[in-house]
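Could you put the whole structure together from the sequences, leaning on the hints where they help?
The residues making up each chain are set out below.
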Amino acid sequence: MTTPSLRALRVAPSTPSEGATPEDRRSRILGVPGPSPRRGVVLGSGVLLIVVLLVAGAFMPKWLTFLLTMAASHGLVSLGIVLLMRGGVVSFGQGLVFAVGGYAAALAFNRLGFTDALGLALTGGVAATLVAAPFAPLLSRYRGIFFAMLTLAMSMVAYGVLVKTSALGGSDGFNMGRATLFGQALPDARSGYVLYGVTIVCAGVLALLARVYFDSTRGLVTQAVRENELRVEYLGGSVRQAMSLNFLLAAFAGGCGGALTVMSLGHIDPNFSYWTTSGEFVFVAILAGWQSVLAVFVASTLLEVVRSFSSLYFPNTWQLSLGIFLLLMIRFLPDGIGSLWVDRGRKGARR
Amino acid sequence: MATALTILIDGLSYASWLFIVALGLTLVFGVLKILNIAHGSFYALGAYAAASFVAWFASMKFAPEWSLVAMLFAAVAVAVLVAPLTERGLMRFFYGRDEVLLVLVTYALFLVLEDVTKLLWGANPYYVSEPYAMFGNVEIGDQVYVGYDFMLMGLAVAVGLAVWWGLNRTRQGKIVLAVIHSEEVAASMGVNVSRVYMLAFGVGVFLAALGGAFTAPLISVQPGVSVGVIIVSFAVVIIGGLGSIEGAAIGALIVGLARSFAVHVMPQAELFSIYIVMALVLMVRPEGLFQRIQARKI
Chain A
1 MTTPSLRALR
11 VAPSTPSEGA
21 TPEDRRSRIL
31 GVPGPSPRRG
41 VVLGSGVLLI
51 VVLLVAGAFM
61 PKWLTFLLTM
71 AASHGLVSLG
81 IVLLMRGGVV
91 SFGQGLVFAV
101 GGYAAALAFN
111 RLGFTDALGL
121 ALTGGVAATL
131 VAAPFAPLLS
141 RYRGIFFAML
151 TLAMSMVAYG
161 VLVKTSALGG
171 SDGFNMGRAT
181 LFGQALPDAR
191 SGYVLYGVTI
201 VCAGVLALLA
211 RVYFDSTRGL
221 VTQAVRENEL
231 RVEYLGGSVR
241 QAMSLNFLLA
251 AFAGGCGGAL
261 TVMSLGHIDP
271 NFSYWTTSGE
281 FVFVAILAGW
291 QSVLAVFVAS
301 TLLEVVRSFS
311 SLYFPNTWQL
321 SLGIFLLLMI
331 RFLPDGIGSL
341 WVDRGRKGAR
351 R
Chain B
1 MATALTILID
11 GLSYASWLFI
21 VALGLTLVFG
31 VLKILNIAHG
41 SFYALGAYAA
51 ASFVAWFASM
61 KFAPEWSLVA
71 MLFAAVAVAV
81 LVAPLTERGL
91 MRFFYGRDEV
101 LLVLVTYALF
111 LVLEDVTKLL
121 WGANPYYVSE
131 PYAMFGNVEI
141 GDQVYVGYDF
151 MLMGLAVAVG
161 LAVWWGLNRT
171 RQGKIVLAVI
181 HSEEVAASMG
191 VNVSRVYMLA
201 FGVGVFLAAL
211 GGAFTAPLIS
221 VQPGVSVGVI
231 IVSFAVVIIG
241 GLGSIEGAAI
251 GALIVGLARS
261 FAVHVMPQAE
271 LFSIYIVMAL
281 VLMVRPEGLF
291 QRIQARKI
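Chains A and B are the protein sequences, given in the same order. Every letter in the first sequence is one number past the one before it in the numbering used here, and letter 281, counting from 1, is 281. Every letter in the second sequence is one number past the one before it in the numbering used here, and letter 127, counting from 1, is 127.
Treat the hints as calculated values from the structure; they're not laboratory data. Every value quoted in this text rests on a predicted model; they were computed, and no experiment measured them. Where a beta carbon is used, it is the ideal one built from N, C-alpha and C, also for glycine. The reader is advised that the hints may include incorrect statements.
Unchecked claim - If the Cβ cut is set under 7 Å, some of the chain B residues that face chain A in the computed set are:
| no. | residue |
| --- | --- |
| 1 | L35 |
| 2 | Y95 |
| 3 | G96 |
| 4 | E99 |
| 5 | L104 |
| 6 | I238 |
| 7 | L282 |
| 8 | V284 |
In structure tokens, the structure reads:
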């Protein structure tokens with residue numbers, strides 16, 4: 001801290017100061033050939049993927065639609081963690097917003113008689129954001145392991161409260177009936193598919209919005225925070241504001257994920273907020289890496305597949321297989337699944 | 001008054017085993033810069049090994065006093081077998097990576113060890129009652145307290161002093177301190193850093209297993225004991241400041257007393273009293289109570 005300026009001068013990398021327009025400079029920093037055509041392609045193929053998944057879902061067996069529903073709804077929580085990861089912090093307590101979203105949706109359904117599936121997903125997201133809001137300014141001061149531990153503490157406090165609250169079913173939780181869509185009741189045969197559709201659309205829309213946000217100015221400020229906070233402050237950006245906003249956005253995504261999960265599962269209990277649940281979300285986020293939005297959902301699906309297959313074939317050792325799988329991934333794909341396709345276009349652009 | 005004393009003694013006995021476990025965690029963090037989730041698994045391994053060793057000693061018709069030796073053996077056995085295997089066989093491939101990624105590596109190790117203990121010892125609970133009965137009861141006023149609790153407190157003090165002495169008064173300990181302070185400088189002075197890593201990790205595993213072995217008589221040893229322990233010992237080292245021995249002691253005392261206060265006065269708050277204390281401490285001292293000031297990168 002004594003001679004910061006000298007150090008800064010020595011280690012500062014050469015920034016691309018020449019170049020005609022800010023767009024040019026930005027694309028050089030990002031290493032992509034100008035964001036506008038690329039963004040169109042990415043968003044377009046995202047929409048296409050959602051449509052393909054919706055159509056394909058009609059022909060899938062039930063177990064597969066359920067698996068993908070779980071993957072997409074859990075993936076939303078991990079998407080929130082990736083959002084935070086881009087700013088250099090990881091939350092080990094996203095189970096909290098997951099649980100808040102789930103409980104809010106289930107309670108709105110059971111107590112208020114509000115049954116629309118899309119509305120419930122939104123309710124979950126809003127409830128989680130409201131719960132997270134008072135903590136956001138506080139948490140934005142912390143980094144690294146302290147951020148992780150504080151969020152973990154928050155989720156475990158919520159777990160403790162939920163277990164002890166008999167009005168919410170205590171440690172057994174409670175059941176939730178079947179949601180409706182646009183005022184239509186869902187028949188038994190189709191309900192799985194319709195909820196799958198709702199989940200895919202919600203997750204897809206949020207994923208596309210996340211992509212837009214990542215490429216926006218504020219999204220890039222977040223990335224700069226991860227590289228060097230003080231420089232961001234010197235350049236006039238507010239680190240704490242960026243971190244607070246990210247935390248709230250992550251909470252919204254996580255809350256939606258919780259609501260979507262509980263609608264398909266039909267049951268909720270305090271384990272939604274338990275630290276091992278949060279651990280799995282972090283697991284998926286690390287597996288995906290911070291570069292790609294699609295990778296989050298690929299990783300989430302991969303986890304669900306590994307989980308269902310190992311609990312089917314190695315019922316007593318599925319944690320063992322999960323652990324080994326995770327170790328192999330970290331060892332051989334340290335930047336996550338996303339690095340498989342994102343890095344290709346921008347080799348050497350970073351560092 | 002009687003309640004206050006009960007809270008104090010309960011809190012101190014909880015704090016004593018917690019201190020032993022957290023000391024291992026904080027030592028490993030100080031040297032290797034890894035927040036080790038698998039520490040809870042080492043604790044569980046210690047408890048299971050103690051259950052097996054005590055039963056084995058009893059079947060060989062040793063006097064009950066030998067069960068203490070059996071528990072110590074269990075901790076040593078876990079440290080000697082598990083520490084080199086995990087440190088050399090796994091952890092060393094990940095050194096220097098991002099802090100959070102390392103946490104994930106130990107999380108994976110934790111998942112693996114969780115199933116390994118289940119494979120080795122099955123899912124049924126084990127009970128280790130011999131050592132618990134051995135120390136009898138202690139009467140203070142009208143209340144009766146279990147003698148084993150006081151033995152635990154003594155053990156914690158002894159372990160704390162031994163680690164302090166080992167770090168500050170021996171050559172090897174000073175080398176470890178040098179590595180904690182600056183790995184690069186230590187290496188350039190000719191210190192074999194990976195040997196120090198192995199040593200520190202081994203001591204860390206030993207302390208976790210020791211904590212597990214000596215709490216085995218207090219609990220039923222069954223799958224899932226590792227989870228609770230790791231979260232609580234995280235809280236302890238975070239409160240105390242990562243990598244600090246005094247911090248681990250103060251943190252364990254705070255957590256132990258807070259928990260026993262909650263248990264006796266507000267039982268419904270037991271589950272989260274620890275986290276509330278941790279959040280309060282972090283709000284006032286964002287880096288924990290005993291954290292050294294660190295320079296920021298500009």
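A quick look at each hint next to the structure:
{"no.": "1", "hint": "L35", "verdict": "holds, 6 Å"}
{"no.": "2", "hint": "Y95", "verdict": "violated, 13 Å"}
{"no.": "3", "hint": "G96", "verdict": "violated, 11 Å"}
{"no.": "4", "hint": "E99", "verdict": "holds, 6 Å"}
{"no.": "5", "hint": "L104", "verdict": "holds, 5 Å"}
{"no.": "6", "hint": "I238", "verdict": "holds, 5 Å"}
{"no.": "7", "hint": "L282", "verdict": "holds, 6 Å"}
{"no.": "8", "hint": "V284", "verdict": "violated, 12 Å"}
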